[in-house]
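J.: What follows is each chain in one-letter form.
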Amino acid sequence: MMKNYFLLLLAVVAFASCRKETDPAVQPVDLDLTISYAAKFQAYTFPVSDVSLKITNLRNSKVQEGKTSANGTYTFPATSAGSYDIDATITITAAQYEQITGIETEADVVFQASIKNKLINQAVGGEVTLELTSGRIGNWVIKQVNYGGSHRANGALFRDQFMEIYNNSSDTLYADSLCIADVYNSTSPTPDQSKGYYLPAGQYDWTKSIGMPAGTKANDDFLYAKSLYRVPGNGRTYPVAPGKSIVIAQNALNHKAPFTNANGVVVTVLDPSLTIDLSTANFEVFLGKGFASDIDVAGVPNMEILSSNGNDWVLDNTGRNAWVIFQTSQNPKDWPAYPDPSTTIVSGSTTMYIQMPKAQVIDGVETQPGLTGQVPKKLDNNLDAGFTYLPKGPYTSQAVIRKVAKTVGTRKILQDTNNSSNDFENIDLSVPFGFK
Amino acid sequence: MRNIIYLILISVSLLCCLQPAAAQKQADTSQLEPRLVSYRFRDYEYAYYTQQGLLLQHAPIERLGSITLGYSYLQGGLRARQEADKVNVASLRSEGLRKVKKITLQGYFGFTRSWEDSIGYMHSAKPEDPTPYYLLAIKQGHWDRLHYELGAQASTAVLNDKLLLSVGADFDLSSNTRNSDPRPEISKYALALNWGVGYRITPKHTIGAWAGYAYGIETTNVGYSSVMLNAAGDAYREYQTFLSKGFGNVLVQRSGDVRRMREDDKGYRAGGYYDGKWMGFHTSLLYKFQTSRRTYVKPAAATADSRNDMPIASFDLEQQWIDLFMEKHKGSDLLQLRIRYNSGEGSDYNNELAGNNYIYNNDNINAHIGYVHYTQSRPQYELFLKGYYDKTYKADGTTSHRWSNSYATIGVDFSYYTRPNADKRFWVFNAHPAYRKGIDHYLTAPTAQQTFFTTDVLMPNTAYYARNAASIQGGIAWQTPWKKQMLKFGADARYEKAADLEGRRVNLQAKVSLFY
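Protein sequences, first through last, are from chains A and B.
Everything in the first sequence is counted per my numbering, starting at 1 for the first residue and increasing by one.
Everything in the second sequence is counted per my numbering, starting at 1 for the first residue and increasing by one.
Accuracy of the hints is not assured; some may be wrong.
Think about it this way: if two alpha-carbon atoms lie no more than 30 Å apart in a straight line, the pair counts; the simulated DSSO-like pairs of lysine-lysine are [said to hold, decoys possible]: (1) Lys-101(B) / Lys-162(B); (2) Lys-424(B) / Lys-511(B); (3) Lys-139(B) / Lys-86(B); (4) Lys-62(A) / Lys-139(B); (5) Lys-497(B) / Lys-139(B); (6) Lys-392(A) / Lys-139(B).
What follows is a list of derived Cβ distance ranges for each label pair [stated by the list, open to error]: (7) Thr-447(B) / Lys-67(A): 21 to 31 Å; (8) Thr-260(A) / Ala-90(B): 51 to 61 Å; (9) Asn-426(A) / Tyr-215(B): 44 to 54 Å; (10) Asn-426(A) / Lys-437(B): 45 to 55 Å; (11) Asn-261(A) / Leu-191(B): 53 to 63 Å; (12) Leu-191(B) / Val-124(A): 45 to 55 Å; (13) Lys-67(A) / Tyr-215(B): 28 to 38 Å; (14) Leu-146(B) / Thr-75(A): 32 to 42 Å; (15) Thr-447(B) / Asn-426(A): 24 to 34 Å; (16) Pro-433(B) / Val-124(A): 53 to 63 Å; (17) Thr-260(A) / Met-310(B): 29 to 39 Å; (18) Thr-75(A) / Met-310(B): 50 to 60 Å; (19) Gln-99(A) / Thr-447(B): 38 to 48 Å; (20) Thr-447(B) / Asn-261(A): 51 to 61 Å.
FYI, nobody ran anything at the bench for these hints, they're computed from the structure.
Note that the Cβ used here is the ideal one computed from N, Cα and C, for glycine as well.
For reference, chain A alone in the conformation it holds in the complex (with noise of 0.2 Å):
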């Protein structure tokens, strides 16, 4: 009687261990890339074969690359399923571009193509195509910003943010009226499509706010500024020459030493090697609230107010940025401004983001949190097809600073693709107005 139990018992066990293992539905896809070049260049012929092509695996951070071949295609076999950043560059020679396009340049022209956040599954599919703009060439380059600060117990917090903007060109250059502007849109990694305001990419759909005239390509055309400041000066009072730069800091002082607040205390870092001397600076932001940390140093100048947000020049020390730089012989405080479109009453609190023109935009920076985590891009390809971002975090004194991309004589061709994410390298301390 007791055999027969423990046949049964083997039975069982034989049944137990013989389950088939199954894989998910989840599976591979194959990536197929196609590269062409964006409406206004395809008059010319830009060559399409040799175009590097670059995916990164947003769960994980492995990169793939790849060249596409003689017919602008390229397939990445096997890809796994998720989200991915994808890359296309190319860098077509200034003699090469001058025999397409018949335009004399001074320095290589690189296109690019970029598409963040793309998810590839076997729903979606794995066919994109990629399209190749160009921007301007030349010019004023955002070089450096020190956006995360330094330790807050042991360094100056964000007391030592600043940017600094080069003149890329071969000639000088006057800063009077540059402006810089902190972009604002939506910073909702998930937002609720619902709500009806918001793009698929999750920014803010501007079409739909308070006033915003019918027919304007609101979203297309132009951005909001959160906080735009602008060089003083009546043309010809700040020159700069090729290869200098300005440095425009929250507060133009050295940092590493004490320094007495704007409420009468004496601040002292306690490590000053974790931070930066910007008592240089050309300019600075001061914005007279009453702020503590709100310095107006003697004998630098101040940027000009044409819109402020809080208490200071304080940058988001997360990531979660976009800056613009532009010059204009116009009054940026005399184009409209729009309430978010999230607002639903006007006031006279309600916060107005003054509407600046892309086509005004001489450079753009994004930055990110870091390579998940993301919020909705700011900046269109046009301006700034990737991203830059600090691995180390905030309050970790580490800043973003663009690459040299050649020397001629002794002045430095800085990088400018109009990716962030190609042109920008980390750097663990800043140094203003010097190179990595």
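Put chain B on the given structure of chain A with help from the hints.
T.: Relative to the frame of chain A, chain B by itself:
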């Protein structure tokens, strides 16, 4: 809350304590012993027949009541990567079973407070759970856990004992916190209800069926006391919060994300059984089926307003049990047999990938055969031969990770009861050596898809679960009558050592029980 729990504890205990005055007068030693003495075979009977209310009608236990205070200490490096290095547990458990005329009642209340050290790579109240969705951090930390469980069931026979009816409810509540960054708080509650109907075909053979519904919610919130660590980049990687979305599939949750997740668990359960006399054995065969759908939601916006929560995935788990329990008196001795087979199949639906990305399969068999030798109508020793077999498979589509592990454990459980005199004060000695043998295991993880989770957790765990290990458990207890009840003082120790892994695992327990 605490007062309510104490009230429930007392009520459940009294429910099983009260007896009609006539029965009290008639109590004598022979009636006291079956319910007051804790024997191994009776523990197995109780475990089987209290699974479902209908089975109470067939339990060979007339009455049983106990309150136990216990303390347990577990320590050692021989552990899975997501388990604690050291665990201290204080517990209080009260349970009882009694038959009042035609109604059989069974209830329990349990409370545990545990302190667990050095847990990393998982913020979860259930580390052995098959679900792939949970928040985690690399940084190890100390956990405080509170757990309450409460349940009751009743069954009766009507219509000349032909028709059996049962009803039951179980409630579970837990709170888990960590006291160092990152600081998760996990709260869980679950409620399960069931109803059953049985039919006595003949006085010796009965069949029955039941159905039930279960619902539970588990929420995890992760906070930081340090603002810097809250916004930490890769420089503070071990303090970052990650979301596991599969097997090896982990995604960092940066400061822009709201580090919160809720699991809604709904499920149905059903089963059937046969109980009767067969070939001289009291035989009970049970089949259970249980489904569960867990939906995972996270905030849609950084405002952390729960009204913006959006589902990110779901996990369906189906489980089945076949449970055979047989007992027979051979002369004055007892033979007992139990074979329990459990099968589980789980699959997720990942909203981002719009498909099933994770698969979980598990089969396990637990069996024992036991012999109880009686002397002077009292069990003198018990000898059980026990075996366990387990096979688990996990697969993740997006990471191309595959994992499989099977092992078997065989052991002997021997208990000896001393009965030197007639006043029922006696000692219990127990020894339980066992051996675990890894049968088959593999982990495939393409290099291009590996993350820190693969190298830090999955690879070490593969070696751990595939281990060949020997364990020895020994216990001693002393039982003595006390005011018509029985007090038991017991201590157990278990030691495990693997042949092919460093480290050991030691478990010490002490208990004081009152049987009434």
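J.: Output the numbers, in ascending order, of every earlier hint that fails for this structure.
T.: Hints 12, 13, 14, 17, 18 contradicted; others consistent.
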